[in-house]
Amino acid sequence: MDVYGDTLEFQTRGNDDVRDLTGDVRRCVEASGVHAGTVTVFCPGSTGGVTTIEYEPGLVEDIQAAVERVFPRGLRYRHNELNHDDNGHSHVRAAVVGPSLTVPIVDGRLTLGTWQQIVFLDFDSSARRRRLVVQVVGR
Amino acid sequence: MDVYGDTLEFQTRGNDDVRDLTGDVRRCVEASGVHAGTVTVFCPGSTGGVTTIEYEPGLVEDIQAAVERVFPRGLRYRHNELNHDDNGHSHVRAAVVGPSLTVPIVDGRLTLGTWQQIVFLDFDSSARRRRLVVQVVGR
Amino acid sequence: MDVYGDTLEFQTRGNDDVRDLTGDVRRCVEASGVHAGTVTVFCPGSTGGVTTIEYEPGLVEDIQAAVERVFPRGLRYRHNELNHDDNGHSHVRAAVVGPSLTVPIVDGRLTLGTWQQIVFLDFDSSARRRRLVVQVVGR
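Residue numbers (this note's numbering), protein chains in the order written: chain P, 8 to 146; chain G, 8 to 146; chain Z, 8 to 146.
Worth flagging that the hints you see were computed from the coordinates, not collected in a lab.
Treat each hint with caution, since some may be false.
[What the hints assert, rightly or not] Some chain P residues flagged as far from chain G (calculated, every beta-carbon gap over 10 Å):
#1 A43
#2 V113
#3 R135
[To be verified] Where chain Z lies over chain G, by a calculated footprint (3+ residues, C-beta under 8 Å):
#4 36-49
#5 53-66
#6 88-99
#7 139-146
[Unchecked claim] Pair by pair, the computed Cβ-Cβ distance ranges are:
#8 Z:R116 with G:R136: 27 to 33 Å
#9 Z:T121 with P:Q18: 17 to 23 Å
#10 G:L89 with Z:R76: 42 to 48 Å
#11 G:T29 with P:T121: 26 to 32 Å
Glycine is no exception: its CB is placed at the ideal position from the N, C-alpha and C atoms.
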């Protein structure tokens, strides 16, 4: 059994930017040499989410529309009032989607479906550099 | 330390069908012989979610009603327009609930509460055969 | 590789009480002696969620307001009707947020962001004693 850790660094545009991390996570799993185990992708920060989607332009738009409809930017947020900030909606969206995703590794490969990609959702209100943690545990 | 992988295959009716997987996951944990560790249940596919609920008929209805109210089927979805598809709502629901659940194993048993079951939610718009991945990591 | 399990016990007020568990989880990780791996925080029970937020009074209020707006207490819930209960909304909220969080451990430390805390959300309708499971896997 071993643990192999890596980080992914990239620039986002914020404002619900959706980034496909599948190729990067796959490379981490291959570099780890782990044949059977799990990989956890984690966002250190409270305005980003990690999940899976079929990464195609239509769904990227649909997810952006859904989070804006369900957790609107324009509501009154106490976070903004108390901290002179503008990203209360970003925090709420991130808390519900969650910062962590764990995917099984079988025969050295991610067990994703054919039309399923690992994505990072940057809910924050401005562009920024992000660093995600990828942790492979297995043998 | 060891890794024990298994798959669960079953038929669903789609359309927010909720399936109780607790007995199946418990059998995987028992078959693994793992005394202490974690089990990850993962849906390979971007229209299904894995979480826990108290599996009883009232809550199954309540969850179906909640996802239909919050992420309605009848909205305009770009996924449907661009791909001549009808399951944009399924993808959005699945992305928010998430495809993965990790449960600790202590003394060879799942640490679920008494009225807590592991469930698969098939958000897709038609009946289908599903294959989920169960990955046990521990000693 | 080793597995180190612990439990956290605490009293909540229910009704979307948000509890910061970061210090407690950090102590479990330190006690485990694990240098590289993952920690899973799990709620045994179907009316609580585990996620991360920036734990400050404004966001605690914002998250409470968001779950009440999106999954209102006052709707008709079949769970309540069939079981003479009053916490249908609690179950729905918990199923969506999810009962489990996995965070990587690197150099013996949680890889949380500076303004990111691990929180338990008690969605249930009354105060209660909670016991959460913390499972550290690594080397």
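Now the hints, each set against the structure:
no.: 1; hint: A43; result: violated (4 Å)
no.: 2; hint: V113; result: violated (5 Å)
no.: 3; hint: R135; result: holds (22 Å)
no.: 4; hint: 36-49; result: holds (count 3)
no.: 5; hint: 53-66; result: holds (count 8)
no.: 6; hint: 88-99; result: violated (count 0)
no.: 7; hint: 139-146; result: holds (count 3)
no.: 8; hint: Z:R116 with G:R136: 27 to 33 Å; result: violated (43 Å)
no.: 9; hint: Z:T121 with P:Q18: 17 to 23 Å; result: holds (20 Å)
no.: 10; hint: G:L89 with Z:R76: 42 to 48 Å; result: violated (31 Å)
no.: 11; hint: G:T29 with P:T121: 26 to 32 Å; result: holds (28 Å)
Checked against the numbered hints above, the structure breaks hints 1, 2, 6, 8, 10 and satisfies the rest.
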